[in-house]
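Peer 1: One letter stands for each residue in the lines below.
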Amino acid sequence: MTVRVQGATKSFGRTTALDSVDLDAGHGVTGLLGPNGAGKTTLLRIIATVLAPDRGTVTLLGCDPSRPDDRTRIRERLGYLPQDAGFHRGFTVFEFVDYVAILKQLTDRRARHDEVRRVIELTGLASVSAKRIRALSGGMRRRVGLAQALLGDPDLLVLDEPTVGLDPEQRLRFREMISQAGEGRTVVLSSHQTEDIAALCTRIALFHQGRVRFTGTPAELTAQAAGRVWAGSERSAAALAAWRTGDGTFRNVGDPPAGAELIPPTLEDAYLLLMGEPGLEVTHS
Amino acid sequence: MTAWHLDPEAIRRYARGAAPPDLAASAEAHLMTCPACRDAIAPHVDSRRVEAIWHEVVDRVDAPRPSWPERVLARLGAGEATARLVAATPTLRGPWLLGIAAVLALAAWAGQVDERLLRMFLVAAPLGPLAGVAVAFAGGLDLTREIGIATPYPGLRLLLIRTAAVLAATVPIVAAAGLALPGSRWLAAAWLLPTAGLTCAALALTARVTPVVAVGVVATAWVLVTTPAAIAGHPDLAFGAGAQICWLAVAIGGGAWLAVTRHTVTIKLGRGA
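Chains as they are written, first to last, in our numbering: chain A, 67 to 351; chain B, 6 to 278.
By construction, these hints were calculated from the structure, which means they are not laboratory data.
Check the hints yourself; a few may be wrong.
To be verified - Covered by chain A, per the in silico footprint, the following chain B stretches (three or more residues, Cβ under 8 Å): (1) 62-75; (2) 78-92; (3) 229-235.
Unchecked claim - Examples of chain B residues lying across from chain A (beta carbon under 8 Å, computed): (4) H10; (5) M125; (6) E151; (7) I152; (8) G153; (9) I154.
For each residue, glycine too, the CB sits at the ideal point set by N, CA and C.
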């Protein structure tokens with residue numbers, strides 16, 4: 067297992083951001099799903115060795131990040147895209163990625179430049195390589211963030227909300243890039259977009275108020291809503307969520323209205339159910 | 006079509022890169038127009054050498070020209086990687102340096118008006134470079150801090166590179182403001198050793214706390230200790246000959262401690278990491 071987190075707890079002042087969280091992640095894309103403030107970013111920062119948990123154990127790539135030597139070894143094989151990735155806006159795309167490559171200890175200039183060009187091509191930034199970052203759109207900047215994370219072909223890729231702020235076409239491009247990146251390595255990403263998680267992830271951990279409420283595959287998560295999603299001509303007052311769909315019928319998640327018909331659930335239905343029913347906590351192996 | 010061709014010996018020497026400049030130049034001009042000689046030279050060419058040369062040409066053409074501060078630093082012998090790291094230091098942006106210059110110019114002007122304020126300039130002078138060191142690592146200003154922490158680059162090396170860059174940029178500003186003061190030139194330079202001592206003390210503290218907190222601790226201690234002495238008219242307590250020797254000892258002690266513990270201590274560039 068590339069990532070093993072056991073009983074991780076982290077507080078900021080009186081706020082408990084993570085409360086005894088367990089997570090295992092191996093090859094493929096593991097998604098942390100949950101609303102804002104659920105603890106996803108805190109856990110990703112711990113996996114990226116930026117934060118240390120107050121309690122609990124973390125093993126990354128077989129190393130213990132609380133030991134300085136191990137931490138350096140992990141960082142040599144890690145790529146990280148933070149949620150609010152900042153950029154030196156006066157740098158060009160090439161200069162910025164080259165700057166991070168220097169921090170990643172790619173010391174030989176020519177080999178480093180080759181690697182910078184490789185990730186710039188991979189993320190479709192070749193045409194803007196010489197442009198200053200301040201002149202780029204938000205979507206392009208997000209690609210610059212992904213490019214720097216891919217430097218050195220890391221074994222563990224940690225991506226915090228990689229698709230946030232992107233338009234639908236950019237999101238599709240990003241999904242494609244992340245899906246390719248997940249072949250042969252471990253990717254742990256966070257999102258509050260159920261469509262991204264459903265499209266990309268082989269495993270899901272559902273977060274709510276600093277705790278993991280579900281772990282399993284997307285199909286297993288979707289199955290949580292089996293028998294709980296109804297289509298009918300009216301909105302159910304007892305449903306957890308109900309909305310009018312494109313064909314004029316109401317989709318009711320939870321308790322059905324009279325005369326409603328049971329329909330197959332989606333991952334989003336299951337997400338709404340698990341978020342809306344506080345007592346429920348499910349873990350699949 | 007040309008009537009003469011390169012002889013086999015000239016072809017071998019040119020292919021090995023061993024031809025004298027005049028032969029190399031005429032061989033090159035000839036090869037441009039003679040397919041027969043190009044065919045003749047092909048088996049003698051070391052493809053790895055050609056590839057390496059081509060790679061270097063592509064890299065030179067393709068990689069963007071470094072910015073002027075990076076070029077200046079590279080000329081001073083900093084190395085292109087170090088120059089890039091220095092260029093990314095937030096404190097070295099124009100507005101910060103202008104801010105420090107403006108504050109110190111004001112202090113220098115005030116020092117000419119009132120002698121007590123002149124002594125306060127000495128209290129304020131080390132705070133400019135110290136603030137620069139703190140800003141170089143402040144979470145809100147070091148935009149790539151989070152990305153940087155997750156890389157294997159040694160924290161101590163980054164700390165020293167940025168601190169040296171900040172001192173190199175801010176000390177001349179403070180010195181210029183000091184020279185504008187009335188009185189002895191010695192007084193205008195009396196802040197130098199305290200600045201060195203305070204900076205080394207702050208760097209030594211980064212094994213325990215972040216650079217921002219470390220600078221905050223030493224700067225607060227400095228202001229609390231020196232301000233009463235300056236106001237009471239006893240600046241010698243903090244800036245006299247005896248005090249200067251103490252500051253030199255602090256600077257050497259802090260530097261030595263950093264050197265001795267450089268392999269065993271983890272510099273805290275960020276909270277919890």
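Peer 1: Could you tell me which of the hints above the structure violates, numbers in ascending order?
Peer 2: 3, 4, 5
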